[in-house]
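Chemist: As a plain string of letters, each chain reads:
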Amino acid sequence: MQTIFHVDELEKWGLALGNAENMLAYCEESGEAVKIELLANGIAVRALSAEGSDAALLQRMAALAEKGVVFAACRNALRAQQIEPEALAPFAVTVPAGVVELAQKQQAGYAYIRP
Amino acid sequence: MQTIFHVDELEKWGLALGNAENMLAYCEESGEAVKIELLANGIAVRALSAEGSDAALLQRMAALAEKGVVFAACRNALRAQQIEPEALAPFAVTVPAGVVELAQKQQAGYAYIRP
Amino acid sequence: MQTIFHVDELEKWGLALGNAENMLAYCEESGEAVKIELLANGIAVRALSAEGSDAALLQRMAALAEKGVVFAACRNALRAQQIEPEALAPFAVTVPAGVVELAQKQQAGYAYIRP
Numbered sequence: 000m001q002t003i004f005h006v007d008e009l010e011k012w013g014l015a016l017g018n019a020e021n022m023l024a025y026c027e028e029s030g031e032a033v034k035i036e037l038l039a040n041g042i043a044v045r046a047l048s049a050e051g052s053d054a055a056l057l058q059r060m061a062a063l064a065e066k067g068v069v070f071a072a073c074r075n076a077l078r079a080q081q082i083e084p085e086a087l088a089p090f091a092v093t094v095p096a097g098v099v100e101l102a103q104k105q106q107a108g109y110a111y112i113r114p
Numbered sequence: 000m001q002t003i004f005h006v007d008e009l010e011k012w013g014l015a016l017g018n019a020e021n022m023l024a025y026c027e028e029s030g031e032a033v034k035i036e037l038l039a040n041g042i043a044v045r046a047l048s049a050e051g052s053d054a055a056l057l058q059r060m061a062a063l064a065e066k067g068v069v070f071a072a073c074r075n076a077l078r079a080q081q082i083e084p085e086a087l088a089p090f091a092v093t094v095p096a097g098v099v100e101l102a103q104k105q106q107a108g109y110a111y112i113r114p
Numbered sequence: 000m001q002t003i004f005h006v007d008e009l010e011k012w013g014l015a016l017g018n019a020e021n022m023l024a025y026c027e028e029s030g031e032a033v034k035i036e037l038l039a040n041g042i043a044v045r046a047l048s049a050e051g052s053d054a055a056l057l058q059r060m061a062a063l064a065e066k067g068v069v070f071a072a073c074r075n076a077l078r079a080q081q082i083e084p085e086a087l088a089p090f091a092v093t094v095p096a097g098v099v100e101l102a103q104k105q106q107a108g109y110a111y112i113r114p
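Chains as they are written, first to last, in numbering that gives the first Met the number 0: chain A, 0 to 114; chain B, 0 to 114; chain C, 0 to 114.
The following block holds chain A by itself, in its conformation from the complex (with noise of 0.2 Å):
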């Protein structure tokens, strides 16, 4: 199971994250590989700022990274929202445009899921 998950608004990392969570729990208890990414556009990069977002979607966003979760940012929306790829936290990556790596990941057998 492979799937992008698409954030482009500040308010729907909770959810977003919860998502993510479900998925991952359903496949640790089903033996499943999974691949999940989450990829934030528009203002939705802020949260992902490490010092000018929220600690304790942070320490989610984190643990869901140690377990293999990749988060992936904009960097035309980071340009836009005047965040430096460097003042990031450390687990997130940078893509340089984020519907491009919404397509690629679709063509590549991605689901694509908006929360």
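Think of the hints as simulated: they come from the structure by calculation, not from any bench.
One or more of the hints may lead you astray.
Claimed, not checked - To give an idea of the chain B side of the interface with chain A (calculated C-beta under 8 Å), a few residues:
1. 41
2. 90
3. 92
4. 95
What the hints assert, rightly or not - Heads up, simulated BS3-like pairs for lysine-lysine below, C-alpha to C-alpha not over 30 Å straight-line:
5. 34(A) <-> 34(C)
6. 34(C) <-> 11(B)
7. 34(B) <-> 34(C)
8. 11(C) <-> 66(A)
9. 34(A) <-> 34(B)
10. 11(A) <-> 11(C)
11. 11(B) <-> 11(A)
12. 34(A) <-> 11(A)
13. 34(B) <-> 11(B)
14. 34(A) <-> 66(C)
15. 11(C) <-> 34(B)
16. 34(C) <-> 66(C)
17. 66(B) <-> 34(A)
18. 11(A) <-> 34(B)
Yeah, the Cβ is synthetic: ideal placement off N, Cα and C, and Gly gets one too.
For this one, chain A is given, so just place chains B and C on it according to the hints.
Modeler: Structure of chains B and C alone, referenced to chain A:
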């Protein structure tokens, strides 16, 4: 045509039911075979509760269910909303994890639409 | 890269146009062939009305349309919003049912993105 609609906000039910009605009408007219599932997770599962929901919505859902549309509620979300599966409208079914259902259906060739 | 963007909220047009602009810029730079469609249903079709819409939005849309981006409006939604197809901006096309278009494009290999 196989499609899964993802509903995770209560206020999106009206739009989602209209989407399903339009798809069904189109396929009835064109003679195309169609499979439609509406998957509810998050707070949106409340609308599938037989008592706690809006009577007009439930009536539209029941009419769609009679035509073969599947209404599925995420059991993780039901637990979080403290709704017993038995309290759901009679046409609703449950799935262990809504996001897993969304991923599996896409991998089985369903289109994904998020109203 | 083939992608269909789904817009069913008026306030999402700015984000959706930015998404399309970013995808186009990425593909122009990398030389990758790209097909982009923005499919409007629900209340979002209003933004495609030549007169009833926001001039700045229409200008951004027209610039994208000149580069080959398709703007499609759902005829069910146009009826519900009492907009005649003739009242749409000249670059817009109509489809019988927006959700059918979304499903058919996905089945033809398009990625789906819901800003």
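Chemist: Could you run down the list of hints and mark each one as holding or not?
Modeler: Against the structure, the hints:
1. 41: 6 Å, holds
2. 90: 24 Å, violated
3. 92: Violated. Min distance 17 Å.
4. 95: It holds, given that the least Cβ distance between residue 95(B) and chain A is near 6 Å, below 8 Å.
5. 34(A) <-> 34(C): 27 Å, holds
6. 34(C) <-> 11(B): 29 Å, holds
7. 34(B) <-> 34(C): Roughly 27 Å separates the two Cα atoms, so the pair holds.
8. 11(C) <-> 66(A): 33 Å, violated
9. 34(A) <-> 34(B): Cα-Cα ~27 Å, so holds.
10. 11(A) <-> 11(C): 15 Å, holds
11. 11(B) <-> 11(A): OK: residue 11(B) and residue 11(A) at ~15 Å, within 30 Å.
12. 34(A) <-> 11(A): 20 Å, holds
13. 34(B) <-> 11(B): 20 Å, holds
14. 34(A) <-> 66(C): With Cα atoms ~35 Å apart, residue 34(A) and residue 66(C) exceed 30 Å; violated.
15. 11(C) <-> 34(B): 29 Å, holds
16. 34(C) <-> 66(C): The hint holds at about 10 Å.
17. 66(B) <-> 34(A): 36 Å, violated
18. 11(A) <-> 34(B): 29 Å, holds
Hints 2, 3, 8, 14 and 17 from the list above are not met by this structure, while the remaining hints are.
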